[in-house]
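*Asks:* Sequence:
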Amino acid sequence: MFLALVVISIVAILLNKQYALFIWMLSSLMIPSFVRIYPIPVSYELILAFFLFVYSIYHRINYGVKGSYKTMEKWVVFFPLYYILIRIIFTFLCGFYKPSDILVQSYYNVLFLSVMVFSVWTITDEKAFGRAGRYISIALILVCIYGVSTYILHNNPYLSFLSKFTGNTKDFVGIAERYASETRGGLASRISVLTYNPLQYAILLNAFVFVPIYLYVKKKSNVYLFAVILILINLFLTGSRGPLIALLASVLFFFLKYQSLSSKIKYVALIVGALVLILFLPGFEKYASFIKSIIFIFDQSVSDAAEISGSSVSGRFLQLSGVWDIIVSVDLRILLFGYGEGYTEYYLSLYGFGTDVMGFESILFSSLVNYGIIGFLLIDVFPWIFLIYCIRHLKKENMISKKNSYILSSMLTTNIIYSFLVGSVYYIIYFSIFFCLMKQMVMENRKERIKSLIMLLQK
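Just so we're aligned, residue 1 is where the sequence shown starts under my numbering, counting upward by one.
Hints were generated in silico from the structure; no laboratory data involved. Please note: incorrect hints may appear among the correct ones.
Stated by the list, open to error - Using 30 angstroms as the maximum straight-line C-alpha spacing, the simulated DSSO-like pairs for lysine-lysine come out as follows:
#	residue 1	residue 2
1	K70	K17
2	K66	K396
3	K447	K164
4	K402	K66
5	K127	K74
6	K451	K74
7	K403	K451
8	K127	K451
9	K219	K257
10	K218	K447
11	K451	K395
12	K17	K218
13	K447	K127
14	K264	K219
15	K218	K127
16	K218	K451
17	K74	K264
18	K220	K264
19	K396	K451
20	K220	K451
21	K220	K257
22	K219	K70
23	K402	K220
24	K219	K66
25	K395	K264
26	K220	K266
27	K447	K74
28	K17	K257
29	K219	K395
30	K403	K220
31	K219	K266
32	K403	K447
33	K164	K396
34	K70	K447
Build out the structure end to end from the sequences listed, making use of the hints.
*Replies:* This is how it looks when you write it as C-alpha coordinates:
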(Lines of atoms letter the chains of each structure in order from A; the text may use other names.)
(Lines give C-alpha, C1' and ligand atoms only; values in the text may rest on other atoms or scores of the structure.)
Protein backbone atom coordinates (compact mmCIF):
# COMPACT_ATOMS: atom_id res chain seq x y z
CA MET A 1 0.00 0.00 0.00
CA PHE A 2 2.68 2.52 1.00
CA LEU A 3 4.68 1.68 -2.11
CA ALA A 4 1.64 2.66 -4.19
CA LEU A 5 1.16 5.75 -2.03
CA VAL A 6 4.71 7.00 -2.54
CA VAL A 7 4.43 6.39 -6.31
CA ILE A 8 1.15 8.36 -6.43
CA SER A 9 2.75 11.17 -4.41
CA ILE A 10 5.74 11.39 -6.75
CA VAL A 11 3.54 11.39 -9.86
CA ALA A 12 1.28 14.08 -8.37
CA ILE A 13 4.26 16.32 -7.60
CA LEU A 14 5.71 15.86 -11.08
CA LEU A 15 2.36 16.78 -12.62
CA ASN A 16 1.88 19.85 -10.42
CA LYS A 17 4.66 21.30 -8.24
CA GLN A 18 2.04 23.01 -6.04
CA TYR A 19 1.22 19.62 -4.50
CA ALA A 20 4.77 19.07 -3.17
CA LEU A 21 4.50 21.08 0.04
CA PHE A 22 1.11 19.66 1.00
CA ILE A 23 2.21 16.07 0.30
CA TRP A 24 5.27 16.53 2.50
CA MET A 25 3.23 18.10 5.30
CA LEU A 26 0.51 15.46 5.18
CA SER A 27 3.02 12.60 5.07
CA SER A 28 5.01 14.04 7.97
CA LEU A 29 1.82 14.37 10.00
CA MET A 30 0.13 11.09 9.16
CA ILE A 31 2.90 8.55 8.48
CA PRO A 32 5.37 7.88 11.35
CA SER A 33 9.05 7.29 10.67
CA PHE A 34 8.77 3.61 11.62
CA VAL A 35 6.57 2.80 8.59
CA ARG A 36 8.36 0.74 5.92
CA ILE A 37 7.71 0.26 2.22
CA TYR A 38 7.42 -3.37 1.12
CA PRO A 39 8.51 -5.66 -0.50
CA ILE A 40 11.78 -3.77 0.18
CA PRO A 41 11.80 -2.73 3.88
CA VAL A 42 12.80 0.89 3.25
CA SER A 43 11.53 3.80 5.34
CA TYR A 44 8.67 5.65 3.68
CA GLU A 45 9.94 8.87 5.24
CA LEU A 46 13.43 8.47 3.77
CA ILE A 47 12.19 7.60 0.27
CA LEU A 48 9.98 10.69 0.18
CA ALA A 49 12.77 12.83 1.67
CA PHE A 50 15.21 11.65 -0.99
CA PHE A 51 12.76 12.38 -3.83
CA LEU A 52 11.83 15.82 -2.47
CA PHE A 53 15.50 16.72 -2.10
CA VAL A 54 16.23 15.78 -5.71
CA TYR A 55 13.06 17.59 -6.82
CA SER A 56 13.97 20.73 -4.84
CA ILE A 57 17.43 20.80 -6.46
CA TYR A 58 15.77 20.48 -9.89
CA HIS A 59 13.32 23.24 -8.92
CA ARG A 60 16.18 25.50 -7.77
CA ILE A 61 18.19 24.99 -10.98
CA ASN A 62 15.25 25.56 -13.31
CA TYR A 63 13.43 28.36 -11.51
CA GLY A 64 16.24 29.99 -9.55
CA VAL A 65 15.63 32.11 -6.48
CA LYS A 66 14.70 35.77 -6.24
CA GLY A 67 17.37 38.14 -5.02
CA SER A 68 15.33 39.11 -1.97
CA TYR A 69 15.40 35.47 -0.79
CA LYS A 70 19.16 34.92 -1.25
CA THR A 71 19.95 35.53 2.42
CA MET A 72 17.28 33.07 3.53
CA GLU A 73 18.58 30.48 1.07
CA LYS A 74 22.01 30.72 2.70
CA TRP A 75 20.37 30.09 6.06
CA VAL A 76 18.51 26.97 4.91
CA VAL A 77 21.73 25.60 3.41
CA PHE A 78 23.81 26.43 6.49
CA PHE A 79 21.32 25.11 9.07
CA PRO A 80 21.10 21.46 7.84
CA LEU A 81 24.78 21.32 6.84
CA TYR A 82 25.82 22.49 10.28
CA TYR A 83 23.45 19.98 11.90
CA ILE A 84 24.87 17.11 9.83
CA LEU A 85 28.53 18.06 10.27
CA ILE A 86 28.44 18.78 13.99
CA ARG A 87 26.75 15.47 14.77
CA ILE A 88 29.19 13.54 12.58
CA ILE A 89 32.10 15.33 14.25
CA PHE A 90 30.77 14.31 17.67
CA THR A 91 30.46 10.76 16.45
CA PHE A 92 34.25 10.65 16.22
CA LEU A 93 34.74 12.52 19.49
CA CYS A 94 32.56 10.23 21.61
CA GLY A 95 34.18 7.88 24.07
CA PHE A 96 31.95 4.77 24.08
CA TYR A 97 30.85 3.64 20.61
CA LYS A 98 33.04 3.11 17.58
CA PRO A 99 32.25 5.83 14.98
CA SER A 100 31.47 3.19 12.35
CA ASP A 101 28.72 1.74 14.57
CA ILE A 102 26.92 5.08 14.92
CA LEU A 103 27.36 6.05 11.26
CA VAL A 104 25.85 2.77 10.07
CA GLN A 105 23.00 2.86 12.58
CA SER A 106 21.74 6.42 12.29
CA TYR A 107 23.56 8.88 10.10
CA TYR A 108 21.95 8.08 6.79
CA ASN A 109 18.74 9.13 8.55
CA VAL A 110 20.40 12.35 9.72
CA LEU A 111 21.68 13.04 6.20
CA PHE A 112 18.38 12.63 4.37
CA LEU A 113 16.13 14.13 7.00
CA SER A 114 18.35 17.17 7.54
CA VAL A 115 18.12 18.20 3.89
CA MET A 116 14.35 18.54 4.35
CA VAL A 117 14.87 22.04 5.77
CA PHE A 118 16.29 23.15 2.42
CA SER A 119 13.82 21.06 0.41
CA VAL A 120 10.70 22.32 2.18
CA TRP A 121 11.90 25.93 1.99
CA THR A 122 12.56 25.57 -1.76
CA ILE A 123 9.14 24.12 -2.61
CA THR A 124 7.34 26.77 -0.56
CA ASP A 125 5.73 29.54 -2.55
CA GLU A 126 2.60 31.61 -2.07
CA LYS A 127 0.28 29.29 -4.01
CA ALA A 128 1.81 26.14 -2.57
CA PHE A 129 1.51 27.34 1.02
CA GLY A 130 -2.02 28.63 0.45
CA ARG A 131 -3.13 25.16 -0.55
CA ALA A 132 -0.97 23.28 1.96
CA GLY A 133 -1.84 25.50 4.93
CA ARG A 134 -5.56 25.30 4.28
CA TYR A 135 -5.69 21.55 3.73
CA ILE A 136 -3.26 20.63 6.50
CA SER A 137 -5.43 22.60 8.94
CA ILE A 138 -8.42 20.51 7.85
CA ALA A 139 -6.30 17.37 8.24
CA LEU A 140 -5.36 18.48 11.77
CA ILE A 141 -9.05 18.90 12.62
CA LEU A 142 -9.81 15.37 11.41
CA VAL A 143 -6.80 13.91 13.23
CA CYS A 144 -7.77 15.63 16.48
CA ILE A 145 -11.39 14.49 16.22
CA TYR A 146 -10.04 10.98 15.73
CA GLY A 147 -7.78 11.56 18.75
CA VAL A 148 -10.77 12.41 20.95
CA SER A 149 -12.54 9.28 19.68
CA THR A 150 -9.54 7.09 20.63
CA TYR A 151 -9.76 8.52 24.14
CA ILE A 152 -13.48 7.78 24.40
CA LEU A 153 -13.29 4.29 22.84
CA HIS A 154 -9.85 3.31 24.21
CA ASN A 155 -8.98 1.97 20.78
CA ASN A 156 -6.61 3.12 18.03
CA PRO A 157 -7.26 1.12 14.83
CA TYR A 158 -4.98 3.38 12.74
CA LEU A 159 -1.92 2.40 14.77
CA SER A 160 -2.93 -1.26 14.53
CA PHE A 161 -3.03 -0.83 10.76
CA LEU A 162 0.38 0.88 10.67
CA SER A 163 1.93 -1.91 12.75
CA LYS A 164 1.65 -4.19 9.71
CA PHE A 165 4.27 -2.03 7.99
CA THR A 166 6.87 -1.71 10.74
CA GLY A 167 9.08 -4.68 9.96
CA ASN A 168 8.42 -6.00 13.50
CA THR A 169 11.20 -3.81 14.87
CA LYS A 170 9.18 -2.95 17.99
CA ASP A 171 5.79 -3.72 19.49
CA PHE A 172 4.36 -0.27 18.76
CA VAL A 173 0.78 -1.32 19.43
CA GLY A 174 1.72 -2.88 22.76
CA ILE A 175 3.55 0.26 23.87
CA ALA A 176 0.62 2.46 22.85
CA GLU A 177 -1.79 0.18 24.73
CA ARG A 178 0.29 0.49 27.90
CA TYR A 179 0.02 4.28 27.69
CA ALA A 180 -3.70 3.98 26.88
CA SER A 181 -4.25 2.09 30.13
CA GLU A 182 -2.37 4.68 32.19
CA THR A 183 -4.50 7.00 34.30
CA ARG A 184 -3.14 10.43 35.10
CA GLY A 185 -4.76 13.23 37.07
CA GLY A 186 -8.34 12.37 36.12
CA LEU A 187 -7.49 11.26 32.58
CA ALA A 188 -8.74 7.74 32.01
CA SER A 189 -6.20 7.21 29.23
CA ARG A 190 -3.29 8.82 27.39
CA ILE A 191 -3.77 9.10 23.63
CA SER A 192 -0.95 8.61 21.11
CA VAL A 193 -3.09 8.64 17.91
CA LEU A 194 -0.54 8.86 15.05
CA THR A 195 2.42 7.48 16.98
CA TYR A 196 2.91 4.92 19.72
CA ASN A 197 3.98 7.48 22.34
CA PRO A 198 1.77 10.29 23.74
CA LEU A 199 4.77 12.58 24.23
CA GLN A 200 5.85 12.18 20.60
CA TYR A 201 2.31 12.84 19.39
CA ALA A 202 2.16 15.99 21.54
CA ILE A 203 5.45 17.31 20.11
CA LEU A 204 4.30 16.51 16.57
CA LEU A 205 1.16 18.60 17.15
CA ASN A 206 3.31 21.41 18.55
CA ALA A 207 5.18 21.53 15.25
CA PHE A 208 2.04 21.70 13.12
CA VAL A 209 -0.12 23.95 15.31
CA PHE A 210 1.71 27.06 14.17
CA VAL A 211 0.33 26.61 10.64
CA PRO A 212 -3.31 27.24 11.71
CA ILE A 213 -2.12 29.82 14.27
CA TYR A 214 -0.41 31.80 11.51
CA LEU A 215 -3.40 31.45 9.18
CA TYR A 216 -5.87 32.46 11.90
CA VAL A 217 -3.90 35.59 12.72
CA LYS A 218 -3.69 36.39 9.00
CA LYS A 219 -7.25 35.57 7.89
CA LYS A 220 -9.29 35.55 11.13
CA SER A 221 -11.14 32.44 9.94
CA ASN A 222 -12.79 30.40 12.69
CA VAL A 223 -11.77 27.17 10.91
CA TYR A 224 -8.17 27.77 11.93
CA LEU A 225 -9.18 28.76 15.45
CA PHE A 226 -11.19 25.53 15.69
CA ALA A 227 -8.10 23.58 14.60
CA VAL A 228 -6.00 25.23 17.32
CA ILE A 229 -8.62 24.50 20.00
CA LEU A 230 -8.84 20.83 18.98
CA ILE A 231 -5.06 20.56 19.07
CA LEU A 232 -5.04 21.95 22.61
CA ILE A 233 -7.67 19.37 23.62
CA ASN A 234 -5.55 16.57 22.11
CA LEU A 235 -2.45 17.88 23.87
CA PHE A 236 -4.37 17.76 27.14
CA LEU A 237 -5.51 14.18 26.45
CA THR A 238 -1.94 13.00 25.84
CA GLY A 239 -1.29 13.63 29.53
CA SER A 240 2.09 15.11 28.56
CA ARG A 241 2.49 18.37 30.41
CA GLY A 242 5.74 19.63 28.88
CA PRO A 243 4.51 20.22 25.29
CA LEU A 244 1.21 21.66 26.54
CA ILE A 245 2.93 24.07 28.94
CA ALA A 246 5.43 25.09 26.25
CA LEU A 247 2.70 25.86 23.73
CA LEU A 248 0.44 27.70 26.18
CA ALA A 249 3.31 29.83 27.45
CA SER A 250 4.49 30.70 23.93
CA VAL A 251 1.05 31.41 22.51
CA LEU A 252 0.20 33.50 25.56
CA PHE A 253 3.41 35.46 24.97
CA PHE A 254 2.38 36.06 21.35
CA PHE A 255 -1.16 37.21 22.11
CA LEU A 256 -0.08 39.47 24.95
CA LYS A 257 2.56 41.09 22.72
CA TYR A 258 0.42 41.36 19.59
CA GLN A 259 -3.08 42.15 20.82
CA SER A 260 -4.49 45.49 21.94
CA LEU A 261 -5.06 46.13 25.64
CA SER A 262 -8.78 45.25 25.40
CA SER A 263 -7.95 41.99 23.60
CA LYS A 264 -5.29 41.16 26.18
CA ILE A 265 -7.85 41.58 28.96
CA LYS A 266 -10.35 39.46 27.03
CA TYR A 267 -7.91 36.58 26.45
CA VAL A 268 -6.64 36.62 30.03
CA ALA A 269 -10.25 36.61 31.27
CA LEU A 270 -11.09 33.65 28.99
CA ILE A 271 -8.09 31.68 30.25
CA VAL A 272 -8.86 32.42 33.89
CA GLY A 273 -12.53 31.60 33.30
CA ALA A 274 -11.68 28.28 31.65
CA LEU A 275 -9.39 27.35 34.55
CA VAL A 276 -12.06 28.25 37.11
CA LEU A 277 -14.63 26.11 35.26
CA ILE A 278 -12.32 23.10 35.07
CA LEU A 279 -11.16 23.43 38.65
CA PHE A 280 -14.52 24.05 40.31
CA LEU A 281 -17.42 23.17 37.96
CA PRO A 282 -19.17 19.89 38.88
CA GLY A 283 -18.21 17.14 36.44
CA PHE A 284 -14.78 18.63 35.75
CA GLU A 285 -13.36 18.24 39.22
CA LYS A 286 -11.64 14.96 38.26
CA TYR A 287 -9.33 16.94 35.97
CA ALA A 288 -8.51 19.52 38.64
CA SER A 289 -5.43 17.70 39.93
CA PHE A 290 -3.99 17.44 36.42
CA ILE A 291 -4.63 21.12 35.71
CA LYS A 292 -2.98 22.05 39.00
CA SER A 293 0.01 19.84 38.12
CA ILE A 294 0.38 21.84 34.89
CA ILE A 295 0.20 25.20 36.64
CA PHE A 296 2.53 24.07 39.44
CA ILE A 297 4.64 21.66 37.38
CA PHE A 298 7.71 22.04 39.62
CA ASP A 299 5.83 21.38 42.86
CA GLN A 300 6.29 17.69 43.65
CA SER A 301 3.36 17.56 46.08
CA VAL A 302 0.95 18.75 43.36
CA SER A 303 2.37 16.21 40.91
CA ASP A 304 2.02 13.46 43.51
CA ALA A 305 -1.65 14.39 43.99
CA ALA A 306 -2.15 13.89 40.25
CA GLU A 307 -0.19 10.60 40.41
CA ILE A 308 2.50 11.98 38.09
CA SER A 309 6.17 11.25 38.73
CA GLY A 310 9.07 13.49 37.76
CA SER A 311 9.08 17.13 36.60
CA SER A 312 9.41 18.55 40.10
CA VAL A 313 12.34 20.71 41.16
CA SER A 314 13.62 17.97 43.46
CA GLY A 315 13.11 15.33 40.77
CA ARG A 316 14.99 17.37 38.17
CA PHE A 317 17.89 18.06 40.54
CA LEU A 318 18.03 14.33 41.30
CA GLN A 319 18.22 13.60 37.56
CA LEU A 320 20.89 16.24 37.05
CA SER A 321 22.92 14.75 39.90
CA GLY A 322 22.61 11.29 38.35
CA VAL A 323 23.63 12.57 34.92
CA TRP A 324 26.59 14.43 36.39
CA ASP A 325 27.79 11.25 38.11
CA ILE A 326 27.66 9.42 34.75
CA ILE A 327 29.64 11.98 32.75
CA VAL A 328 32.33 12.71 35.37
CA SER A 329 32.90 9.08 36.35
CA VAL A 330 35.33 8.26 33.52
CA ASP A 331 37.53 11.10 32.26
CA LEU A 332 37.56 14.69 30.98
CA ARG A 333 36.85 13.55 27.42
CA ILE A 334 33.49 12.08 28.42
CA LEU A 335 32.62 15.23 30.35
CA LEU A 336 33.31 17.43 27.33
CA PHE A 337 32.20 15.23 24.43
CA GLY A 338 29.92 12.56 25.93
CA TYR A 339 29.58 8.83 25.41
CA GLY A 340 28.14 9.10 21.92
CA GLU A 341 24.88 9.13 19.99
CA GLY A 342 22.28 6.84 21.56
CA TYR A 343 24.13 6.05 24.79
CA THR A 344 21.09 7.08 26.82
CA GLU A 345 19.02 4.37 25.09
CA TYR A 346 21.77 1.84 25.79
CA TYR A 347 21.87 2.90 29.45
CA LEU A 348 18.10 2.53 29.83
CA SER A 349 18.21 -0.91 28.19
CA LEU A 350 20.68 -1.99 30.90
CA TYR A 351 19.24 -0.31 33.98
CA GLY A 352 15.69 0.68 33.08
CA PHE A 353 13.89 3.69 34.57
CA GLY A 354 14.63 2.87 38.21
CA THR A 355 17.83 4.90 38.54
CA ASP A 356 18.28 8.53 39.54
CA VAL A 357 18.39 9.65 35.90
CA MET A 358 14.93 8.07 35.32
CA GLY A 359 14.30 8.47 31.56
CA PHE A 360 16.63 11.42 30.79
CA GLU A 361 13.45 13.54 30.39
CA SER A 362 15.14 16.69 29.19
CA ILE A 363 17.37 17.61 26.29
CA LEU A 364 19.78 18.89 28.94
CA PHE A 365 20.18 15.44 30.49
CA SER A 366 20.22 13.37 27.28
CA SER A 367 22.60 15.73 25.46
CA LEU A 368 25.05 15.97 28.37
CA VAL A 369 25.35 12.18 28.40
CA ASN A 370 25.39 11.67 24.62
CA TYR A 371 27.43 14.73 23.58
CA GLY A 372 28.96 16.21 26.75
CA ILE A 373 29.01 19.85 27.78
CA ILE A 374 30.55 21.13 24.54
CA GLY A 375 28.20 18.99 22.47
CA PHE A 376 25.16 20.32 24.32
CA LEU A 377 26.21 23.88 23.52
CA LEU A 378 27.11 23.25 19.87
CA ILE A 379 24.37 20.77 18.94
CA ASP A 380 21.44 22.17 20.91
CA VAL A 381 22.06 25.75 22.03
CA PHE A 382 23.86 27.22 19.00
CA PRO A 383 21.03 26.40 16.51
CA TRP A 384 18.58 28.26 18.76
CA ILE A 385 20.90 31.28 18.86
CA PHE A 386 21.20 31.15 15.08
CA LEU A 387 17.42 31.08 14.62
CA ILE A 388 17.01 34.02 17.01
CA TYR A 389 19.48 35.90 14.81
CA CYS A 390 17.45 34.97 11.68
CA ILE A 391 14.22 36.33 13.17
CA ARG A 392 15.85 39.54 14.38
CA HIS A 393 17.57 40.11 11.02
CA LEU A 394 14.31 39.75 9.07
CA LYS A 395 12.53 42.07 11.48
CA LYS A 396 15.34 44.65 11.40
CA GLU A 397 15.37 44.66 7.59
CA ASN A 398 11.55 44.97 7.53
CA MET A 399 11.27 41.67 5.65
CA ILE A 400 8.63 40.39 8.07
CA SER A 401 6.09 42.23 10.19
CA LYS A 402 6.41 42.58 13.95
CA LYS A 403 3.34 40.35 14.30
CA ASN A 404 4.94 37.55 12.27
CA SER A 405 8.24 37.89 14.13
CA TYR A 406 6.29 37.18 17.32
CA ILE A 407 4.79 34.04 15.76
CA LEU A 408 8.24 32.75 14.78
CA SER A 409 9.60 33.65 18.22
CA SER A 410 6.70 31.80 19.84
CA MET A 411 7.37 28.72 17.71
CA LEU A 412 11.05 28.74 18.64
CA THR A 413 10.26 29.38 22.32
CA THR A 414 7.86 26.42 22.33
CA ASN A 415 10.64 24.15 21.07
CA ILE A 416 13.11 25.44 23.64
CA ILE A 417 10.71 25.06 26.59
CA TYR A 418 9.52 21.52 25.86
CA SER A 419 13.06 20.43 24.96
CA PHE A 420 14.19 21.35 28.48
CA LEU A 421 11.07 19.98 30.15
CA VAL A 422 10.74 16.62 28.40
CA GLY A 423 13.25 16.30 25.54
CA SER A 424 12.96 16.75 21.79
CA VAL A 425 11.79 14.66 18.84
CA TYR A 426 10.67 15.58 15.29
CA TYR A 427 13.51 18.11 15.21
CA ILE A 428 13.73 18.27 11.40
CA ILE A 429 9.96 18.39 10.87
CA TYR A 430 9.71 21.19 13.41
CA PHE A 431 12.32 23.41 11.81
CA SER A 432 11.30 22.58 8.25
CA ILE A 433 7.88 24.04 9.11
CA PHE A 434 9.66 26.94 10.86
CA PHE A 435 11.57 27.93 7.70
CA CYS A 436 8.52 27.27 5.54
CA LEU A 437 6.52 29.76 7.63
CA MET A 438 9.42 32.20 7.57
CA LYS A 439 9.52 32.21 3.76
CA GLN A 440 5.75 32.59 3.54
CA MET A 441 5.91 35.56 5.91
CA VAL A 442 8.61 37.22 3.80
CA MET A 443 6.49 36.70 0.66
CA GLU A 444 3.44 38.08 2.45
CA ASN A 445 5.34 41.15 3.61
CA ARG A 446 6.79 41.75 0.13
CA LYS A 447 3.32 41.52 -1.41
CA GLU A 448 1.89 43.99 1.12
CA ARG A 449 4.69 46.47 0.48
CA ILE A 450 4.17 46.30 -3.28
CA LYS A 451 0.44 46.78 -2.80
CA SER A 452 1.05 49.80 -0.56
CA LEU A 453 3.47 51.28 -3.12
CA ILE A 454 0.94 50.88 -5.94
CA MET A 455 -1.78 52.54 -3.84
CA LEU A 456 0.61 55.38 -3.04
CA LEU A 457 1.45 55.91 -6.70
CA GLN A 458 -2.22 55.91 -7.64
CA LYS A 459 -3.00 58.82 -5.30
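*Asks:* Does the alpha-carbon distance linking K218 and K447 stay inside the 30 angstroms limit?
*Replies:* Since the Cα atoms of K218 and K447 sit roughly 14 angstroms apart, the hinted pair holds (cutoff 30 angstroms).
*Asks:* Given the hint that K396 pairs with K451, does the C-alpha gap stay at or below 30 angstroms?
*Replies:* Distance ~21 angstroms between K396 and K451 Cα, so the pair holds.
*Asks:* Holds or violated: are the alpha carbons of K403 and K220 at most 30 angstroms from each other?
*Replies:* 14 angstroms, holds
*Asks:* Against the 30 angstroms threshold, does the CA-CA distance of K219 and K257 hold or violate the hint?
*Replies:* Within the cut-off at roughly 19 angstroms; holds.
*Asks:* Would the hint linking K220 and K266 be met if the CA-CA limit is 30 angstroms?
*Replies:* Roughly 16 angstroms between the alpha carbons, so the hint for K220 and K266 holds.
*Asks:* Does K74 sit within 30 angstroms of K127, going by the straight-line distance between their CA atoms?
*Replies:* Roughly 23 angstroms between the alpha carbons, so the hint for K127 and K74 holds.
*Asks:* Need the status of pair K218, K127: alpha-carbon distance at most 30 angstroms?
*Replies:* With Cα atoms ~15 angstroms apart, K218 and K127 stay inside 30 angstroms; holds.
*Asks:* Given the hinted pair K403 and K447, is their Cα-Cα distance within 30 angstroms?
*Replies:* Given pair K403, K447 holds - Cα atoms ~16 angstroms apart, limit 30 angstroms.
*Asks:* Take a quick look at whether K127 and K451 sit within 30 angstroms of each other, Cα to Cα.
*Replies:* 18 angstroms, holds
*Asks:* Hinted pair, alpha-carbon criterion (30 angstroms max): K447, K74. Please report holds or violated.
*Replies:* 22 angstroms, holds
*Asks:* Is it true that the CA of K447 sits at most 30 angstroms from the CA of K127?
*Replies:* 13 angstroms, holds
*Asks:* Regarding the pair K402 and K220, is the alpha-carbon distance no greater than 30 angstroms?
*Replies:* 17 angstroms, holds
Going down the numbered hints, you'll see the structure goes against 3, 17, 28, 33, while the others check out.
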